[in-house]
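K.L.:
Here the protein sequences line up with chains U and Y, keeping their order.
Going by my numbering, the final residue of the first sequence carries number 398, and the count climbs one at a time with no gaps.
Going by my numbering, the final residue of the second sequence carries number 711, and the count climbs one at a time with no gaps.
What the hints contain is simulated information worked out from the structure, not anything from laboratory work.
Since the structure is predicted, the reported quantities are computational estimates derived from the model, not experimental observations.
Take the hints with a grain of salt, since some may be wrong.
Partner residues are not named here, just some residues of chain Y that face chain U (Cβ under 7 Å, in silico) [to be verified]:
(1) A416
(2) A426
(3) G490
(4) P549
Don't be surprised by glycine CBs; every beta carbon is placed ideally from N, CA and C.
Each chain is listed here by its residues.
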Amino acid sequence: MSAAPTATGGDGPVPPPRTSAPGVATDPPTFDGTAAAPPAGAVGDVAWPTAVPVAEPAAPVVAEVEPGRVRWDPAERRARASQSFWTAVVGVPAIFSVLRLGVEAGGELQTTLLLVANVGPVNLLAGFLTTAARLLSTGMVAVFALGAVLAVSADRLPPGTRRRPLFARWADITPAWVVLASFLLALITWPLLYLPLLVPAFVAAFQLRPGRLHERVAPRLLLIGALLAGYGWLMLPTLRDAVQQGDEWLVLALLVVPPLLAVFIAGPLPGLVIRPLASVTEVAVLATLVWAAVPVISTPVLPLTVTTVGPESGPTEDVRGHVVTTDDVNMVILQEQGGVRYVPVDLVRAQVLCPSEEELPRHQLRIHDFHVEDSLLEGMGRRVRPVHRIDAACRTPA
Amino acid sequence: MNTRTAQSRLRAMATTLAVALTLTLAAAAGCDSRQQPDLPSVQEKLRETHIYGQSKLRIGVATNEPLMGELRNGQHVGFDVEIGRYVAASLGYEGDQRLEFVSVSTEDRIPALQGGTVDLVVSSFSMTEDRKKLVNFAGPYFVTTQEVMVPTRLKDRIRTIEDLRDPAYKVCTSGGSTTEAELEKHQVKTFVVKDVGDCVDGIRKGRYDAVSSDEAILAGFLASFPKEFEIVDMPFGTSELLGIGVPIGDPALRDLVAFFLQKSYQQGRDGQASPWQTAYNRTLGPWLKAEKRQPQPLEVPKLVDFDDKAPAK
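Please work from the sequences and hints to get the whole structure.
P.N.:
Below, the structure is given as structure tokens:
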């Protein structure tokens, strides 16, 4: 234990989390040579000049002390990481999309096959990305933010005590641009209400300490104060509305607290916390992703429409469902309540696009006329096409 | 050295706390995003109403009140009819195939709702305390005043309520209307007939000398016979709030109708073309002396609808 502080003292501040790998590969032998067995090394150098076996103990010692870091060559590791990254990027949406088709078809094999035959892979992938971008960016932001916090904390730990946490290793090998891209994706796809949480997450992921703002304390405090004041000014009308509505405490907390937390979040955690935090968050992130993936899988692939069907002059019927395909003879509609209906094209009188009930807002709050549950993208979209009329046919029961 | 250790320990504590709070907030946000809205939605309300699943919506309207509710060449036209169409379309009943206009006379409006022969009544139905015990009202969608219409030959002789009390003049009004009660309060002896149209017919045939009803209905008859009649402004002092009648056992439908009237009211207030304004301009607008605006509906429930996220401006 007594040797540990010297080792960390030399190691800790020098390599930043993301660039530590190359340094580690060359450094440890010297550190270990000096720290672990100084007398042996000294004796060895002097008394056994021709003794080759000296190299033998050196390699196992390194492997023992820092198994997580030196197992692979960093270049190879990077290559493997990039390989698995691209496998995930292509594979996960593909698997999800196929799963979604099965769910969309109501679990019926024949219906699933009908959908597979008619929904193009590009449409499927695009449809998946529109609904899953939010989930995807949430997962990535969570992993990178937690990973960076754990990494900077693990650097302070005595070496050899434990393998670096999983998220920390992920954060280490991920290029900065991927982290930045996932934050940008989150910025445009998260509901505005949750965007403040992105501030502490960003600060944590890049370990931006307040010290970066200014080296002296007074201007630093002033800058932080000004930033927070600007944020408060932006949010003031919404906060006032939330207070007036009375029961919106969570909204108030979500809008006010995260930017304040961002000031303190960068920095290492006490050694005591790291292990439980690492294992709990790994399980929690996994559980959350699974839990949040369920609605993504069950989100429809095709848009919801109501088709009015009936002869030229006679009673009509409204068919509520998703249009799978239309050819010269039939329009194939996957009904909302289940089952496929082949409607002769001649009988189709009208068709309207309908919103689904999952799109109903939960809060009645706006941030400068942007609804808090809209993402920046959706909010901008509503500015381009401001009026959305709900067609009467959409109100009819399924 | 000690202060530095203490400082870094404090710093580590703050960081731990910040991380823990951020994670808690994120978890709370995740739970919140999966919750149902607190407020009832329009769709939910619709499911509670007696019209849910009905293939047609039946609306009770007048057929002999020009400009308000009239049957012209087999088509129902008028301000009330247009308002009825707007409410029906909002409830999911659009087009003649899904909408049935049922003729109800002034006195049949309450029995028709009670008996279930109509789902809504949009027929110059004044919202009064007595009627509220029998039917539900959504509205008002129009505010009018009581007026008297006289044939041109009598326009100089009937000018005040005092003149109406003169037994020489026969004053006619429709049965079961608020006008009947109001005239009784002023001790005016009235001849009660079924509809205001019958009074107008009677005057043209010389049976009566004056007809009293609300301004909108009288404006309609004035529009039909502009040379024969004149409206006399009399200080009855009561304003009539016209509402949409809903069966008393269906508060969900009342709430929905009020919600959609409010939607139109807000559109008009934001300077957009509201359904109410369109209906008014097409029917009553050119015939009323003073410009009218949609009154604010009363007791409007807060409901969640699909277009809630649309920008307000």
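K.L.:
Please write out, lowest number first, the hints stated earlier that are contradicted by the structure.
P.N.:
4
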